[in-house]
Amino acid sequence: MPRGVAIPDLRQQLFSATERVIARDGPGGLTGRAVTREAGVATGGLYTHFADMDDFLAAYAVDRAFQVSSAAAALPGRAGTGTVAANLSGAVAAVPPATLPALARLMAARPDLAGRVHAILGDRTAGLEAIEQAAAAYLEAEQRLGRIGAAADPEALALALVGALHHLVLTGAAEPAVHARIERVAAVLTAASTTAEQRP
Numbered sequence: 001m002p003r004g005v006a007i008p009d010l011r012q013q014l015f016s017a018t019e020r021v022i023a024r025d026g027p028g029g030l031t032g033r034a035v036t037r038e039a040g041v042a043t044g045g046l047y048t049h050f051a052d053m054d055d056f057l058a059a060y061a062v063d064r065a066f067q068v069s070s071a072a073a074a075l076p077g078r079a080g081t082g083t084v085a086a087n088l089s090g091a092v093a094a095v096p097p098a099t100l101p102a103l104a105r106l107m108a109a110r111p112d113l114a115g116r117v118h119a120i121l122g123d124r125t126a127g128l129e130a131i132e133q134a135a136a137a138y139l140e141a142e143q144r145l146g147r148i149g150a151a152a153d154p155e156a157l158a159l160a161l162v163g164a165l166h167h168l169v170l171t172g173a174a175e176p177a178v179h180a181r182i183e184r185v186a187a188v189l190t191a192a193s194t195t196a197e198q199r200p
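Residues 1 to 200, numbered by full-length UniProt numbering, are exactly what the sequence shown covers, in order.
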């Protein structure tokens, strides 16, 4: 790229490069040089827009946490349609495939970023927390409709689901496997909650 030529959507180009670096080298491989090399831009391009690497990673975390929150926000509105398991796994599928693994791994390595995300987006918005909150609200709505048992605990079910998702994304499961296994976990959890209520 010639010097002085503006790069459209440079921030998003750098954020996408960040996800590729995390996928390949882990969060420990994140340096300004690694990200800009992956993005195919001059190292100075990052520091034109961000004060330092911490500022850049905070901006990345906020941007991607907002994407995850936006995808999850539609979940409660699906109550009463489709199947419960498909709706829960669909909320995961709505997030760009590289985002959840990269964001989860970065937040695990840099827990201080959660505070910066919360300060800008509000509580329970730092990635998987947003999915947990939306899943709990969705399951409560399904419970009111009678599609899961009255004795079920929506918050505990949401936590179990997100715990499974966290395990899958941190252990590098492929995207199709994540969606299939999350739908299976959701089906088992919701079926178990209904079955338990029906026991004498």
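Calculated directly from the structure, the hints in this document are not laboratory data.
Keep in mind it's a predicted model, so treat the numbers as computed, not measured.
Any given hint could be a false lead.
The following label-pair restraints were derived from C-beta to C-beta distances [stated by the list, open to error]:
| id | residue 1 | residue 2 | range |
| --- | --- | --- | --- |
| 1 | ARG144 | GLY172 | 32 to 42 Å |
| 2 | LEU145 | THR43 | 49 to 59 Å |
| 3 | LEU145 | LEU10 | 23 to 33 Å |
| 4 | ALA192 | ASP54 | 40 to 50 Å |
Positions of the beta carbon are idealized from the N, C-alpha and C atoms, including for glycine.
Status of the hints after comparison with the structure:
no.	hint	result
1	ARG144 to GLY172: 32 to 42 Å	holds (37 Å)
2	LEU145 to THR43: 49 to 59 Å	holds (54 Å)
3	LEU145 to LEU10: 23 to 33 Å	violated (46 Å)
4	ALA192 to ASP54: 40 to 50 Å	holds (43 Å)
Checked against the numbered hints given earlier, the structure breaks only hint 3 and satisfies all the rest.
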